[in-house]
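A.B. asks: Two chains, two separate frames, one set of hints: put the complex together.
For the record, the sequence lines run as chains A and B. For the first sequence, counting from 1, position 189 maps to 189 in our numbering; every step adds exactly one. For the second sequence, counting from 1, position 181 maps to 181 in our numbering; every step adds exactly one.
What the hints contain is simulated information worked out from the structure, not anything from laboratory work. You can take every hint at face value.
Some chain B residues close to chain A (C-beta under 7 Å, calculated; not the full set):
(1) 181
(2) 257
(3) 263
(4) 281
(5) 282
Okay, the calculated bits of chain B under chain A, using three or more residues with CB under 8 Å as the criterion:
(6) 270–279
(7) 285–296
(8) 396–410
Here are some chain A residues pointing at chain B (derived, C-beta under 10 Å):
(9) 26
(10) 38
(11) 94
(12) 228
(13) 242
Even glycine gets a Cβ: it sits at the ideal position worked out from N, Cα and C.
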Amino acid sequence: MRLMNRIISKKQLSENVFRMELEAPLIAEERKPGQFVILMIDEDLGERIPLTIGDADPVRGTITIIFQTVGATTMKLSRMNVGDTLPAVLGPLGRPTDIRGLNGEKPGHVICVGGGIGVAPMHPIAQALKAAGNKVTIIMGARNVGLFVMKEEMEKIAGENLILVTDDGSSGRKGLVTDPLKELCEQGGVDEVITIGPPIMMKFCALATKPYGVKTVASLNTIMIDGTGMCGGCRVSVGGETKFVCVDGPEFDAHLVDWDMMLKRMGAFKPQEQRAKEHVCKAGIF
Amino acid sequence: MTPKERMAIPPQEMPQQDPKVRAHNMNEVALGYTAEMAKTEASRCLNCPTKPCMQGCPVAVNIPGFLEKAAAGDFAGALAVIRETSLLPAVCGRVCPQEKQCQKFCTMGKMLKDVDKAVAIGRVERFVADLARNTGAETPVACAPKTGKRVAVIGSGPASITCAADCAKAGHDVTVFEAFHKCGGVLVYGIPEFRLPKEIVRKEIDGLKSLGVKIETNFVVGRTRKLKDLMAKDGFDAVFVGTGAGLPKFMGIEGENLNGVFSANEYLTRANLMKAYLEDQAATPFWHGKKVAVLGGGNVAMDASRMALRLGAEKVYLVYRRSEAEMPARREEVLHAKEEGVEFHMLENAKRVLGDDKGFVTGLECLKYELGEPDASGRRSPVAIKGSEFTLDVDTVIVAVGNASNPLIPATTDGLEINKRGNIVVNPDTNMTSIPGVFAGGDIVLGAATVILAMGEGRRAAAGINVYLAAK
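One chain only, chain B, in its complex shape (with noise of 0.2 Å):
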């Protein structure tokens, strides 16, 4: 084909459950491409000599060769390729934020000068991956002859799944601890099953079983045994420490703490781990929340809004001190809560919360809010309007604003080096912190960020793991 005739194909749209209906359930919003689709997307691409799609991959997945395969419907092939660097390619496919990485560099996107036209990389990547799982095409991988060594993963994320699967390839014998009764971090307490289906997360679990990696569950290392102590007594080699940015913060305004005002941690943790809305059969206590504001404009904000509807919310407002611009959220995410109905509040920010004398919230009193100078972010600084007070109706408020790095691992361990933001420090180059053979990565060492840039951490610190083994 020519370049002209690949421009000329039009850009595959993504099924999806109509907004009315999916605004009730729990299941996946997007549907996926099928075959056809997927390989007519991947033809769009116009396998450039620079590849900058693989420059705007936190892990640069070779794109253009995945791409190809994809292209002649050998889709086993694309997925061999995308393994080649990514280990979570279903994951990935569904949560990346292509409109800043990948499809934003895409040279198809800016030759119809629209990001949305560029090639759906996203969307053919979970193609194939998915194919995969739901064949059972999975080709088992094998392992490198046992070295003896034994690695301790903590946590069970993204960053953490990565690496104890790296490690257990290189022949090392690998344990995760994971403090919650269920392993996945983020993906399972955080990202709802209507965009991160748990049956995806479980089957990579399964996957590390299979590479003979051992789960201990409820397992909380600072807690039920000091990290050191893995080391010094259990006779762990090496350590990885994966316990990512659970932290949430509040806002520290008046009224924060009364009934109904939630971090969007505990509220979605109640929903998606606890399952709090199977409220016949759910032990974890359901708060009906029948007008609900959610505070933020993140991932997390998009998250816990949709996930109001969801739970039966008759009114759910988006309120968010900067434009929609700006806001950091992935775009598809943004786009799908409209669809739903939550109602965009930008350009405002809350104030304080109101109760009554029984401690529950009866309001949300907020300030209208103006974009003023940049700030170090390069954001325009968002500046309170003086005297624009107003009042939501409210009985929910879910405050996202964000989340810091759990700091139970350095509190409980002497020597372990972080920065003023409680993040890990680590080298660079092979993710080791201050203590010798304890590695980090993923939001631990970054603060909150990207399942994919977790997934490079756990790549890049098992590396440094696997040579630090081989010297010991």
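One chain only, chain A, in its complex shape (with noise of 0.2 Å):
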């Protein structure tokens, strides 16, 4: 049997925000800007969990995943500690992100807006339209400055092209990120925008920039079973057809995504998800 995939570093980011540095050579290997991975930290009795690739090492054989602890499974895994192994790492899943200028369309201006933790995912998609000669515009958005991840990285990509946007005002402009981004819109040359984070943001990014006839795509996070597309679990109706997620997706144009219906889905088990939570911190597991 393969080596399972060991925790080579642990990093808490933030107060629910943490960055783990993976053992995972093929995964690194393979994967390009925009996958994820399934990972289980029990193959008995775990559930199979999505967490979006933020960053992979080819000649380290490493791939770093920044999570949020959201639930019992993101819990447990945070108290989890350098040395330790996964048990099931899949990947890298999903389809790679459409990058401008390598795709056939020309270089342009792309507008990255990262909500949260989102910019983890964003970071290696914003190197790679950078290096293909796109203008990188980054717009990062958060609570509060304390939660912001990634934020040197993204400034090495976008210089003073970085707008960061906080709820309130801790730092940067106080707002939201779609205040930006529609002003930004407003003064034109856009050609396109992505969007990364939680759903209800990417919902609002796309309705603010529909007007403007500015293509934008949108990484989905939805619930997530198998990861190869034999359940249907992750399903969303995108133009009205219904698509999975793990195999379509992630990304998908966020002006034909029924976004309504995908949050809907993704409360689907929040007693269940509500439950194991109190059970993790009841147990002082967490």
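C.D. replies: Next up, the structure:
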């Protein structure tokens, strides 16, 4: 049996956000921006969860995941330590991001809008866009300054075209990411917008760009089970057609996604998820 | 014994769990013959010269041959005869639709004018296989000398298990690549424990390991590694694609994306593979369906409806647009489902799923149907009766209307020829695809079919691989 995926490094980035580097040489070699993994911390009774690949180092043979402790499994994952192994890490899954400049379209001006830890998967995408000759503007949004992740990395890519937005004004502009997004669209010369973050944020980004006819791509983060297209648990409606996020996505035309249906489907197991979280807290595991 | 004496032997009933009890546990329903019952049942075989049973078997197991040995109490000998052809008797004895295959053509059944009174070939096969497994009496198989050639087998369902075993026995170095964290394919995520105990599948996988086969789980070829890179970069000399038919079909009706609507694959994977029914221990969330409608009439629909009962449903409705006689499900599953309390709503079909403003299922609107002219499959076409709408009060809808071939390998492998249904096209004698050295078999070639057909494909492909590698 192959080596299990060892945790090489671990860092807490904010109250609920952790970064881990995992040994995963094959995934590191094959992975392209936009793809994700499905992992399990226990192969007998654990659940399968999707996490985006924030970064990969084919030379070291590692991938980096940045995750938020939103439920029982991510909570338990955050308590694992360097040297521990994950029994199951499957990837890289999903279709890679379509990078303007490499896909037949001429390089242009692309705005990357990252909300919360949505910035992590945005990082390799922004890097690839810049390398393909696009002008890259990055809008990062968070509730407050303490919740920003990978600020330095994004600054390296966008330079003065990095716009920070916080709900409470503790850093950058006070307001929502859609404020600078609308302004830039109004100015013109925007060829594409890519948005990754909470679904409600992506929905409003799509609504913001629609009147300007700017191509807008969103990376969806639905519930998943197998991640290889055999169950349909992750299905969403895009342009009236049913698509599987794990194999047809995770990125889709944000103007065609039925956001309300997606949000409702993500709430299908809320009571069970809540109970599981409480169980983990009470048991003192977290 | 004379034929008349054999005819007088009563067909041996299969002991089974009481329906009311078993509808609430996951234990196997059919408990298996005793040695006496197996001998007696095997003695009913007339050993007809034309051997019609063998013609009914998709892989032509030497049925009269193994029944003769079983009748004499030589169960090890009977197993050896079966194993000349079939690698998975414990599985096939349980899941083959014998009433459409060997038993359909059995002379005894014809003489008694009842296919249920044919020699119970499957039950004897199962007994013989179970006995060997339970007593640890399996004799290890010798492998041919190492050839130095490497074979990659993609998937770990029945076609792949068979192909891997045959290639290993021929002396090749075999690695199986499985996307899931557990091996077995549909045997482990689809067919429930109460029909096929997972211990049996684990034993088959252990059997592969004892032949020297390496197993890589959590490895999805097409993504973790491209198929062609397995050959170009990783040194594999041949590849077998056994990725199956796991792409769920939906009906495309209104409301199908409401919370509480599941493909049978999702419902069964959560329950079987992820053990969601162990609510306090398993992490995968468990859906509490109290009133469940299952759409479909095949084995998957039977599995889903019987699983729903075991997961605590008070009412389970099986909604099928034709009549019971046209249902493709295995007869025993239909009978078991009825005994356990699944309510059969025949000649009805789902029109749309109704939901509340939070997006959860509240009911299923259905139409009544009648049978019209036969369609291309020969079965009479179901035709909706206008204005016959009515609503079933349900909170869960499970869609079990079929699966298509997994699209990932064709989508990520240039030059791999597929037909319009997404099945990989192969040479019928060797199972080689349009890419030299790449073979395929099972549901990925046939479309959703049976375990025994998958096994037959795996054997033929292995023979094709062995010939191909010998010539390399």
